[in-house]
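So the sequences go chain by chain: L and A.
If you count the first sequence from 1, you need to add 672 to reach the working numbering.
If you count the second sequence from 1, you need to add 672 to reach the working numbering.
No wet-lab data here; the hints were simulated from the structure.
Watch out, some of these pointers could steer you wrong.
If several chains are the same, the list does not tell them apart, and a pair holds so long as it fits within one copy or across any two.
Straight-line distance between alpha carbons at most 25 Å, and here's what the computed DSS-like set of lysine-lysine pairs gives [said to hold, decoys possible]:
no., residue 1, residue 2
1, 1015, 717
2, 1020, 955
3, 764, 793
4, 1020, 960
5, 675, 969
6, 816, 690
7, 764, 909
There are 2 protein chains.
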Amino acid sequence: MIKNIIGNSDFIESLRGKEATFLLALSNTQTANIRGITQAGIPGKIYLTPTLDGEFLCTGEVRSLDNVPTTLKNVPTPALLSRAVHLLHPYKNIELLDLGLEVKPKIEYFKIHDFGFAPSKSIALDAGINAIEIFQKGLDFAQKFAQEFDNNEYIILGESVPSGTTTASAVAQALAYNCKDLFSSSFKNVPNNVKDQTISNALKNIKAEDDLFQILGKVSDNMLIFNAGFILGLNNKIKLILAGGTQMACVLLIVNSILKTMGGEFETSNLALCTTKWIFEDKNSDIKALLELLDFKINAYYSDFDFSSSEHPSLKLYDEGEAKEGVGAGASLIYASLNGLEKEQIIKKIESFLG
Amino acid sequence: MIKNIIGNSDFIESLRGKEATFLLALSNTQTANIRGITQAGIPGKIYLTPTLDGEFLCTGEVRSLDNVPTTLKNVPTPALLSRAVHLLHPYKNIELLDLGLEVKPKIEYFKIHDFGFAPSKSIALDAGINAIEIFQKGLDFAQKFAQEFDNNEYIILGESVPSGTTTASAVAQALAYNCKDLFSSSFKNVPNNVKDQTISNALKNIKAEDDLFQILGKVSDNMLIFNAGFILGLNNKIKLILAGGTQMACVLLIVNSILKTMGGEFETSNLALCTTKWIFEDKNSDIKALLELLDFKINAYYSDFDFSSSEHPSLKLYDEGEAKEGVGAGASLIYASLNGLEKEQIIKKIESFLG
């Protein structure tokens, strides 16, 4: 079932029966190397997470993990959910956006758009991103993409960026949104000390005279900036689902700040955010409040999917709040509902990955 | 299961696996205000039925009904069936045709084609329709629609017009078809006195010198005329399912009369009528006999779907003949069969609307 977070159901209902292309934005930031900041991945191999997520979504295999079984037991990446949906009702297309990966996904036959970005540095020091360049590449890519896209279809834009929620929170605070306690984390017991310390260090690097893109260059990650450019580049011409939780909300806050700086109207009727119930119900973040900070109208939805009827301990972690969103899981579950899939089918398929 | 009414199974079999666009033709006629003529809707709010049907089919919500819960308990509109099918195997597209509504559907994101028609008056006096204009707009719309339509897909053309079966019966009699007892009603115990009296009044308004369109202007409704124009405008270029019972049969009788008047060949290989078992088995009407009045060949089918395995009292009304067809229910059930849906899935989904 699809539920409203903000706005009404009409946008999402209009997508029933339409075909979707899944774009997965992948990047690494050295922020993820800060000990204890994320559990999105295998300890010591966190940097591989976006690479493995991309491989698994496309092929059902994790290839860049040497000497490790190719199942994802005990690694409850939300890619499991998106992959299950893809098996039951395939996306028309999956394309990966390499926005600065340590390790390229080992995949043939799938488009991997390479923009030549390096992984960004830790925001605790200075992410060292050329934000204008990345933003511009997002804009350009969207414009080219829209030209060749059938506008009876829609785009689902997901992400996999370890430690992304910390970065998102830092960005939103740096842009002076009143949102300190509105951000999520992949942890249940959010390690506020590590996150807060990192954010606090990041904010210290910002100087009063820094402009918007200078700020983003210091405290952001490549995905956040690129996706903001992508949204503005599409310019409402194609229906776009931002597939994610507080990180995608941060992308919208960046768009909002850019619009405030540059002036100019922005039509958002073809834009929505879709996420999971675990994000919507998270006690440690408030996706709705984040979206209410925007000066433009936005539709946002969550899937009421959960694992209450599953016995699998790895999946129970979701219902316990240990994993919440990523790799477009929420939007995938909504895409599943839009195409007649039932909860039990999806759970069965996900369980089949775990053995 | 799909069963033949007339013709063979080849046309409908050729549609398996193809995508469909659902066009829902909506209009009001003041004929529906005659006390006791229809039960298609909420007493005192019958005029809202097409509006609510359109809203519910598109969004799953009835929005134009103030102070009423948004469920449809005890209002067993056939829109429940079409919506259930849409949830389980979505139409590629739903578009509404406003052919003269009292209240516009409160929907965003779905195309609502507005032709500027007013609701028609009661046929008991004189419907007062500019039939040539409406017919011409149906023709023009179809021609434009066909140009942009992928002809590997097909159209399902449904309707929601309260008191439509009375009007249809009046039209067919006015056009001198021998069909007095061949028409259906939304009632089980058809109120023949009210219907017959209304039809008899309508027929009295017709003068010997009236031509075909003058007759239609007096005793018809906007939907019947527009759809006749639509069929002729498509000119067999696109596969078209007329989704309905005796009202859609009447549309075909109008087409038949126009062809007789104007002369000219008409190819119908891409045209079929699809309806429900409740219409096919109705003791008070005879869809097959109506279709046999046509001078051209037509394929017609019904779905053998029923609620025999459901315990829900509102749904039992269908099997008892209290509700039979509308909002493209029969064609939706056939579309469901064409796409692998099972009866029990559909029943479960419909029951989920009723609580």
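Unsatisfied constraints (hint numbers, rising)
Hints 1, 2, 3, 4 contradicted; others consistent.
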